[in-house]
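Asker: Spelled out, the chains give:
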Amino acid sequence: MLGHVRDLSIPIVTITGVVHLVRGALVDAAVFLAVAAALAVDGTADRGRVPRPAGPTTAGHTPAGPLQAGPLQAGPLQAGPTPAGSTPGGPTAAGPTRAGPTAAGPEQGSEPLLVPPSALAGSALVALLLAAGGRFNLAMTIVVAALGVSWLVTAWPQPARPQVTGPQVTGPQVTGPQPVWPQPTEPARDPPAGHLAAWPWAAAALGWCLVELVSFLHEVGRDTSSVDHPTFSSLIGPVLDNRLVLWLALTGWLAGGYALVRIARRAARG
Amino acid sequence: MTSRALTIACFEAIGVGLVALWLHSHLASARVERLSAVLLRMARRRAPRIVILLAWWWVGWHFLAFAGSA
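Here the protein sequences come in this chain order: U and C.
Heads up, the first sequence is in this note's numbering, so the first residue is 28 and it goes up one at a time.
Heads up, the second sequence is in this note's numbering, so the first residue is 465 and it goes up one at a time.
Derived by calculation from the structure, the hints in this document are not laboratory data.
Keep in mind it's a predicted model, so treat the numbers as computed, not measured.
Ideal Cβ positions, reconstructed from N, Cα and C, are used throughout, including at glycine.
Hints may contain errors.
As the list claims (entries may be wrong) - Chain U side only, calculated, beta carbon under 7 Å to chain C, not exhaustive:
| no. | residue |
| --- | --- |
| 1 | Leu35 |
| 2 | Ser36 |
| 3 | Val40 |
| 4 | Ala64 |
| 5 | Pro139 |
| 6 | Leu140 |
| 7 | Phe163 |
| 8 | Ala166 |
| 9 | Met167 |
| 10 | Thr168 |
| 11 | Leu223 |
| 12 | Trp228 |
| 13 | Trp235 |
| 14 | Asp255 |
Claimed, not checked - Rough simulated footprint, nothing fancy, chain U against chain C, three-plus residues with beta-carbon under 8 Å:
| no. | segment |
| --- | --- |
| 15 | 479 to 488 |
| 16 | 512 to 523 |
What the hints assert, rightly or not - Residues on chain U that point at chain C, a partial pick, calculated with CB under 8 Å:
| no. | residue |
| --- | --- |
| 17 | Val153 |
| 18 | Val171 |
| 19 | Leu287 |
Let's have the full structure, built from the sequences with the hints guiding it.
Answerer: As structure tokens, this is what we get:
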């Protein structure tokens, strides 16, 4: 299921940008639509850059063919059924023992903290400085915008291509297993049955989006939430006017961003 | 129950559910993948990776920056 969700990334960003446009949030719309356009253009360029093994193409060269058993298939860039714990990101993200069902059932081992205490303390300190000025001021806006740019730039690179380690094609005959390059457009596959489930996370996110969508459609006007169907923003906004809550929320947002950037960099490294 | 109360209850239920899910996923016997592992798996491809960060950034932008509230 996650593979299909991934394929919808660009349409989701585009639709969100259009929604922002409709609600009159022009900056938000510009950011989302620009990112969607950049992803689309870059995705097209990536497809043109994907290297192909030399030599004649046979049925066995297709991604679903027998060469899938090549030496690189068990490598780090195969985002499919490979348990996350076996990636080069290794034990940090998903735990080293996530190797599918065992007699005792699937397990996820311990992992280092995505947000170490030093990063949490740094986030709390920055949040303290920012929260002192309250919301919606110039300093806060500049910091948030700068963080957004730096996060996106950091997360943009694609994983490096693997080194060619298998036997080379020397002529029209394919004599051995061939390297398999990561295919940017190939949808990742879901883990086989019996592995740990990810669908509860997707269900929760979808449920939240559904409730928010219903509330959004009941909005009286732009940013004027319906009393009967309040949006999440209209419920949370007033709570954030309290400086202590703002500080806590800002600390969580900064620390969460730090964790996501670490995950993104780890994934980008392959 | 009014529509407002129902809407708030839905948000609360999802919030509580997410916390419970997160706690459950960290148990040794859990059959639910950890959120960090799900995100890492999604982030192996550029587009979802950017979408995840863009969504998180927008949360801050919307609630904190003056241009985000306009």
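Asker: Name the hints, by number, that the structure is in violation of.
Answerer: 1, 4, 5, 6, 8, 17
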